[in-house]
Structure formats: structure tokens, C-alpha cells
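**Q** First residue of the sequence shown: 577, per this note's numbering; consecutive thereafter.
Since the hints were made in silico from the structure, they are not lab data.
Treat the numbers as computed from the prediction; the structure is a model and nothing was measured.
Ideal placement from N, C-alpha and C gives every residue a C-beta, glycine not left out.
Warning: the hint list may mix true and false statements.
To be verified - Calculated pairs, BS3-like style, for lysine-lysine (alpha carbon to alpha carbon, straight line, at most 27 Å):
1. Lys788 to Lys777
2. Lys788 to Lys759
3. Lys759 to Lys777
What the hints assert, rightly or not - Label pairs and their in silico Cβ distance ranges:
4. Ile776 to Asp730: 13 to 21 Å
5. Asp792 to Leu749: 29 to 37 Å
6. Phe795 to Glu750: 34 to 42 Å
7. Glu785 to Glu750: 29 to 37 Å
8. Leu790 to Glu705: 31 to 39 Å
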Amino acid sequence: MVRKFSRKAFVTSLLITLMVFIAGLFLGWNLDNIRTDSILDDLKGNELDAESLSIEQAFWDEFGGDNCQFAEQRLNSLSTELVELGQYLNSYTDKSIFEEAEYEYLARRYFLLEIQTYILVNHMNEECEMDLNYILFFYGEDDSESERQGYVLDMIVSRSNSTVDVFSINYDLEDDIAIETMKMFYDVTDTPTMIINDDIKREGYVSYEELKELIDAEFV
577 MVRKFSRKAF VTSLLITLMV FIAGLFLGWN LDNIRTDSIL DDLKGNELDA
627 ESLSIEQAFW DEFGGDNCQF AEQRLNSLST ELVELGQYLN SYTDKSIFEE
677 AEYEYLARRY FLLEIQTYIL VNHMNEECEM DLNYILFFYG EDDSESERQG
727 YVLDMIVSRS NSTVDVFSIN YDLEDDIAIE TMKMFYDVTD TPTMIINDDI
777 KREGYVSYEE LKELIDAEFV
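Could you put the whole structure together from the sequences, leaning on the hints where they help?
**A** See below:
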């Protein structure tokens with residue numbers, strides 16, 4: 577005997593399925609908004625910190641005085657905040673179709689903030705003779721060698737007790753003048769590429785042991 581299903585039961589089932597689907601989309605959209613707002617707030621705070629440090633530096637350059645007394649402490653604080661923000665932004669991979677443009681906007685602002693901080697670190701390192709260790713890392717999207725290099729850099733930062741700062745720049749980010757300028761200045765044509773302490777350039781994958789030898793830092 578063939579069991580028959582009524583049209584009403586079918587329509588009811590379809591409506592329930594549709595409601596669950598819409599509710600899921602709405603929940604995902606709201607979660608994306610919350611996450612985006614949180615990252616945006618952190619970005620604004622870090623941008624203000626970087627701008628404040630730039631203004632402080634300009635003040636001492638213009639009027640004279642000791643601009644190095646608290647510079648290292650402030651740079652370390654800013655770099656730590658950038659690392660945490662970058663990790664949070666990287667975790668934002670399951671973005672919905674509604675928020676992809678917003679994600680790209682946040683990522684671009686983050687990379688520009690990294691460049692601004694990198695310039696500050698480089699300038700203060702020379703100005704105050706701080707002997708800082710910092711790496712500019714150009715990586716490619718969907719590039720396995722860049723991914724491997726990223727793991728090595730994570731080890732470098734961790735085992736140096738965060739005395740090495742890494743500034744990661746998406747090589748594939750298009751239509752950004754600041755990033756294109758840095759790529760042209762350092763003649764970056766492929767990924768991964770690293771600029772170590774604004775002095776040593778390494779193209780291609782570099783192992784942990786080899787990279788450690790290029791950095792004057794204590795490792796655990």
C-alpha cells in the first residue's frame with residue numbers, strides 16, 4: 577500500500593525548513609556584524625595609538641628633547657596589540673556573503689596600520705639605537721610556502737619571548753598604493769619574501785634554524 581502525503585503537510589514542512597534556513601542566515605549575519613564591530617573598534621584604538629606615537633615623534637623632532645625614553649615600551653605595546661588583532665582577523669575566515677566586502681575593508685585597514693607601525697619601528701630603531709628585531713613578511717594567498725613560512729615566524733616570535741616583531745603583508749592585495757610602494761621599494765616579486773631588520777632580504781621558504789641565525793635575539 578502506497579502511503580500518501582497531503583499537500584498541506586508538504587507545504588508546512590517546506591515552510592518550517594525555509595524558516596530555519598532564514599533564521600540561520602539572520603543569526604550568521606548578526607554574528608558577523610558583532611565580530612566586525614569588535615575588530616573595527618580595535619582597529620580604531622590601534623590607529624589612534626600609532627597616530628599618537630607619530631605625533632609625539634614629530635613633536636620631539638621639532639622642539640627637541642628626549643623622544644626615546646618611553647619609545648620602546650610604547651612600540652612593544654602597539655606591536656602586541658597588532659599581533660592580537662591579526663590573530664582575531666585571521667580567525668574570521670568563515671565570513672558570510674553579506675560581509676565579504678566589509679572583511680576586505682577591515683583587512684586593508686589592518687595592513688595599512690601594520691605598515692604605519694613598521695615605519696615607526698624602523699625610524700625609532702635608528703633614532704634611538706634600540707637594536708630591535710623586526711621582520712616584514714610578504715605572503716601570498718593560497719600559497720603553501722607562505723603558509724609554512726608563517727608557522728616558522730610564529731615559532732620565532734614565541735621562542736624569542738615576543739622580542740621579534742613580525743609585520744605580515746598580503747602580497748596579493750590589489751589597488752593599494754602603500755603596499756605597492758613597499759613592494760617596489762624592496763623589489764618584492766614573489767612570495768614568501770622577508771625583509772629582516774630593514775637590511776637582509778630572503779626570498780622563498782627559510783627554515784627556523786636558518787632564520788634564527790639571521791636574528792640577534794635570545795631564544796628559548
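**Q** Could you tell me which of the hints above the structure violates, numbers in ascending order?
**A** Result: hint 8 breaks, nothing else.
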